[in-house]
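Construct the complete structure from the given sequences, taking the supplied hints into account.
Residue numbers (my numbering), protein chains in the order written: chain A, 96 to 295; chain B, 96 to 295.
Bear in mind the hints are in silico, worked out from the structure with no lab data behind them.
A quick note: this is a predicted structure, and the numbers were derived from the prediction, not measured.
Just so you know, not all the hints are guaranteed correct.
[Stated by the list, open to error] Far from chain A, some chain B residues (derived; all Cβ distances over 10 Å):
1. 111
2. 228
3. 278
4. 284
[Said to hold, decoys possible] If you anchor each label on the Cβ, the simulated ranges turn out as follows:
5. B:270 <-> A:221: 19 to 25 Å
6. A:141 <-> B:144: 46 to 52 Å
7. A:244 <-> B:240: 56 to 62 Å
8. A:239 <-> B:180: 32 to 38 Å
9. B:293 <-> A:108: 49 to 55 Å
10. B:148 <-> A:289: 52 to 58 Å
11. A:221 <-> B:138: 36 to 42 Å
12. A:273 <-> B:198: 29 to 35 Å
13. B:241 <-> A:155: 27 to 33 Å
14. A:146 <-> B:126: 34 to 40 Å
15. B:125 <-> A:155: 22 to 28 Å
16. A:227 <-> B:148: 47 to 53 Å
17. B:125 <-> A:195: 41 to 47 Å
A virtual CB, placed ideally from N, CA and C, is assigned to each residue, including glycine.
Each chain is listed here by its residues.
2 protein chains.
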Amino acid sequence: MTGKTRSRPGGRSTRVREAVFEATLAELVASGYTAMTVERVATRAGVHKTTIYRRWTTKDDLLVAAVRDLVQMPVPALDTGTLETDLRAYASGIVFVLAGPAGPVARTLLSSDAARVPEIARIKQMLFETRRPISTRIVARAVERGELDAGTDPHALIDFLVAPIYFRLFVSEEPLDEALITQVSIATLAAARQGAFAED
Amino acid sequence: MTGKTRSRPGGRSTRVREAVFEATLAELVASGYTAMTVERVATRAGVHKTTIYRRWTTKDDLLVAAVRDLVQMPVPALDTGTLETDLRAYASGIVFVLAGPAGPVARTLLSSDAARVPEIARIKQMLFETRRPISTRIVARAVERGELDAGTDPHALIDFLVAPIYFRLFVSEEPLDEALITQVSIATLAAARQGAFAED
Numbered sequence: 096m097t098g099k100t101r102s103r104p105g106g107r108s109t110r111v112r113e114a115v116f117e118a119t120l121a122e123l124v125a126s127g128y129t130a131m132t133v134e135r136v137a138t139r140a141g142v143h144k145t146t147i148y149r150r151w152t153t154k155d156d157l158l159v160a161a162v163r164d165l166v167q168m169p170v171p172a173l174d175t176g177t178l179e180t181d182l183r184a185y186a187s188g189i190v191f192v193l194a195g196p197a198g199p200v201a202r203t204l205l206s207s208d209a210a211r212v213p214e215i216a217r218i219k220q221m222l223f224e225t226r227r228p229i230s231t232r233i234v235a236r237a238v239e240r241g242e243l244d245a246g247t248d249p250h251a252l253i254d255f256l257v258a259p260i261y262f263r264l265f266v267s268e269e270p271l272d273e274a275l276i277t278q279v280s281i282a283t284l285a286a287a288r289q290g291a292f293a294e295d
Numbered sequence: 096m097t098g099k100t101r102s103r104p105g106g107r108s109t110r111v112r113e114a115v116f117e118a119t120l121a122e123l124v125a126s127g128y129t130a131m132t133v134e135r136v137a138t139r140a141g142v143h144k145t146t147i148y149r150r151w152t153t154k155d156d157l158l159v160a161a162v163r164d165l166v167q168m169p170v171p172a173l174d175t176g177t178l179e180t181d182l183r184a185y186a187s188g189i190v191f192v193l194a195g196p197a198g199p200v201a202r203t204l205l206s207s208d209a210a211r212v213p214e215i216a217r218i219k220q221m222l223f224e225t226r227r228p229i230s231t232r233i234v235a236r237a238v239e240r241g242e243l244d245a246g247t248d249p250h251a252l253i254d255f256l257v258a259p260i261y262f263r264l265f266v267s268e269e270p271l272d273e274a275l276i277t278q279v280s281i282a283t284l285a286a287a288r289q290g291a292f293a294e295d
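Here is the structure:
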């Protein structure tokens with residue numbers, strides 16, 4: 096690496112934006128959606144509330160922007176040469192994201208009280224729609240390599256890969272660890288080869 | 096069937112108990128844990144609040160009793176002769192339960208606000224502990240039949256079977272249908288045969 100490959104959009108405006116988004120998500124997780132207010136976010140971010148209201152007119156606007164920013168962080172779907180390693184890489188990416196700040200945010204957003212708010216339902220929808228093209232790419236590469244039948248449903252396959260990760264996060268509360276990544280990759284590969292995700 | 100195999104514990108006391116439990120769970124789902132009160136449950140059940148307080152001294156006592164009663168309904172883990180049909184029967188049972196009144200109750204209980212209450216955390220724990228002996232039985236039978244290696248982790252296998260069902264309920268909100276039951280059964284069987292759930 097000989098230098099920066101891309102200049103970062105910096106400056107005070109970006110720093111304020113980052114601080115506000117970070118405070119928004121922290122406040123969401125700490126207080127829950129209902130109790131969260133722009134005032135509390137402003138206090139946490141160390142800015143005046145008018146600084147926030149100048150850019151985002153409501154709490155929901157702010158939350159939508161902060162979550163959009165968070166989910167911009169792409170989970171890599173690199174071509175690693177085989178379906179097994181592609182699945183492992185993607186599962187690792189999801190674990191990395193959910194083991195970080197996004198995990199508690201996802202838990203809070205998906206909780207029943209927050210899910211009753213239309214804006215939150217839309218964010219949730221968006222979160223899962225961003226996965227669709229990734230699933231399609233991973234499976235299309237495996238079909239091209241001759242690893243899977245052309246009739247494999249990419250969304251069913253990737254849902255199966257990630258479901259045990261979400262199950263641990265929301266339901267069983269067991270650790271998101273390397274052993275889990277190995278297990279979901281091997282299990283999903285075996286199931287896919289057996290034709291479990293054949294489109295009807 | 097020539098008659099009742101077992102006399103039902105009936106009478107007014109049982110009917111009141113059933114009405115109160117039903118109202119408790121309905122109130123939990125409708126109002127959420129925080130807003131739920133014994134008064135509201137009493138109104139919904141058509142009983143005086145002292146009728147409830149005579150048996151359950153707090154809201155949490157009542158909720159714990161109602162949820163315990165709900166989860167008493169056992170998901171069948173019948174011996175159907177093969178691992179594939181045992182998995183299908185168990186997945187069908189879980190879908191049957193979660194597609195009924197228990198689904199919204201589970202969603203509400205597992206939501207972040209409710210999960211902060213120690214009693215609710217204990218119920219959640221209990222819900223998943225009841226699954227452990229069932230997982231062990233299903234896998235032990237498959238090992239006896241020579242369908243699986245003796246070193247198969249029963250909890251990993253059954254978590255994998257049920258995770259896509261919970262994923263649909265909590266995350267993707269897609270339907271809990273027959274196609275899902277078929278998919279999880281076939282996929283889990285294929286993964287188990289491939290040794291994906293080998294104990295380390």
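Can you give the numbers of the hints that this structure goes against, from lowest to highest? Checked against the structure, the hints that fail are numbers 3, 4, 7, 13 and 17, while the rest are satisfied.
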